[in-house]
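Novice: The lines below spell out each chain.
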Amino acid sequence: MFRTETHLIEKITKAVSEKLKLKYPNEVKHHFIPDENYSKIEYLIKKDSREVQIIGLWGMGGIGKTTQAYAIFQKASSKYQGSCFLEIGTEESKTTHGLHNIYNRLLSALLREDVRIDTVKVIPSMVIRKLNSMKVFIVLDGVSTSELLENLIGIGHDWLGDGSTIIVTSRDKEVLISGEVGQIYEVKKMNFESSLQLFSFYAFRKSYPEKGYVKLSKRAIDYAKGNPLALKVLGASLRFKTEEEWDCALSKLKVIPNAEIQKVLRWSYNELDGLEQNIFLDIACFFKGHKRERLTKILNDCGFFATIGIRHLLDKALIRVDSENCVQMHDLIQEMGKQIVREESPKNPGERSRLWDHKEVCDVLINNKVRK
Amino acid sequence: MEAILLDLSQVAHINLNSKVFNNMPNLRLLDFMDHDGVKSVSLPRGLDSLPMHLRYLRWDGYPLKSLPRTFRPAMLVELSLQDSNVEKLWKGTLVCIHFYLSVRPSVHSFMHPSINLLKMSELINLLYILIVPGFSRFRDS
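In order, the protein sequence lines correspond to chains A and B. Those letters in the first sequence? Residues 1 to 372, per this note's numbering, in order. Those letters in the second sequence? Residues 1 to 141, per this note's numbering, in order.
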C-alpha cells in the first residue's frame, strides 16, 4: 500500500531506474574493485576548479587504465552538462577519415546532436559557442600519438567551459608529456588482496576462493603480477576445473616461454580448441569492432561453429561485446593473436594464414608470394 | 592464405596482376577498405578470378566494371563494393531469403522493392550486400 501519490511515484522511479541499470550490464559495474588507484585518481579531480583540468593516466597494457577512467566517468559525468567517453582505436587515429570520425563522435556526444565536420581546421562557430558555455567531462581513452592529443586538447583549452574535466589514458608516457597534460598519474599494479578478489570474481563468481582452492588461487595470481587483464583471463580460464586440473594447468603455465602477462594470455589461447582458435585469430586480425551478429554468421559459414565459439571466448574474457553490440578485444590480447599468426612463418608473410600489415600485404600481392 | 585485410588509405598506388588471386584457393576473407576514397588499387589487365570460397568480400573502390566471369561465390555471406565502378556482378539468378540492399552512403539496410528483379548467381547465403550509386543498371539487366 502506498500512503501518498508521491510515495508511489518514488517507488516507480526507483524500480524503473533499477531496470534501466540492468540494461547496461558491464564488467565495470560487476567486477570493479575501487582500489588505491581509484581513490588517488578521484582525488586529483578538483570538484570546484574554474579551469579546464587535464589528467593523464599512464601505465602498461592491461593494467586497468580504461577501467579506472570508466569507473570515474560513470560516477562523475552526471554532474556535468555534457560528457563523452571516447575510445580511440589505434588504427583509427592513423587516417584522415579516422580522425574526422573521432572529432565527430566527440562533438556529437557533447552537444547531443549529430555533428558532421569535414575538416578539423574549421569548426563551425555555433559549435564553439555552445561548447564554450558548457561544463563537460571527457575521457580520451587510448591516445597513442601526441599530434592527436594536441589537437584534441586544443579543443579543450580553447573551447570548453570553465570547470570542464578531461581524462586522457595512454600506454606511452611521452605522449602525455609532449601533449602538455597537466597532471600525470601512473596506474600501478593491483595489490595482493585486490588481485585475489578480482581473480575470484572470474574463477568462482564471488569475491574469495572456493574451499580447497585458496592455495591454488594464490599460485595463480602470482603469475598475473597484479595485472587486472591477466587476472581476469586466468580466472575465467580456470573456472569449473577440478583441483587436479588447476594444478596441472598452473604447471603448464610455468613452461610457456614468454613475458609474464603474455604467458598468461598465451596459455589461455592454448586451452581453446582448434575451431575456437580460428575464431579468435579471425577476430584479432580481421573482425575486431564488427557487429556480433554479422561476424557470427560469417564465421559459422566458415565452419567454425561460431555461435558457441564466441560464447566461449566471452566466457574466457578474451573478447567482450560493447554497448553497440560490436565484438571488441583488448589491445594486448589482439597483439598476442597477431603474434601467433606471425610465428606461423616469421620470415615469409606469404606462408601465413592471415595478413593485415599493409606493407606485407602489398609485398605479397604485388610479388605473388602466397605459398599455400 | 585465409584472410587478407588491407587499409588502402595507408598505401601508395599499386597495380595488381590479373592472376593475383589464382593461387589462393583457401581465401575466406578479403577486405580492401578505403575510407578516404583514395582508390589506390588498379587492375590494368583485369581480374582473372576471385577465390571460390570467399565468405566475406569487401573491396571499396573496386576498379573494374564487373566481377570475374568465373566467380561463383556460393559461400559468400557479405559483399560490399562501395564507391566502385561495378555495373554488373555476374550472370545467373539470385535465390536468397535474407537479403539487405544498402545504397551508399547510408548505413541503414533496407529491403529493396525491386528485389525480385535482381538477377545474380545462385547465392543462397548472401546476407548483406552493399552497393554503389550507378547500380540501377544492374537492377534492370
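Hints were generated in silico from the structure; no laboratory data involved. You may find that some hints are simply not true.
Which residues of chain B face chain A? A few of them, derived with a C-beta cut under 8 Å, are [what the hints assert, rightly or not]: (1) 31; (2) 35; (3) 47; (4) 48; (5) 64; (6) 65; (7) 83.
Where is the CB? At the ideal position from N, CA and C, for every residue including glycine.
Novice: Next step is simple, just say for each hint if it's right about the structure.
Specialist: These are the hints, each one checked on the structure:
1. 31: With Cβ-Cβ at 7 Å, under 8 Å, it holds.
2. 35: With a closest approach of 3 Å, the residue 35 of chain B hint holds.
3. 47: Violated, about 12 Å.
4. 48: 12 Å, violated
5. 64: The hint is violated - residue 64 of chain B has no Cβ within 8 Å of chain A, the shortest such distance being about 16 Å.
6. 65: 21 Å, violated
7. 83: This hint is violated: residue 83 of chain B lies away from chain A, its Cβ roughly 12 Å from the closest one there, beyond 8 Å.
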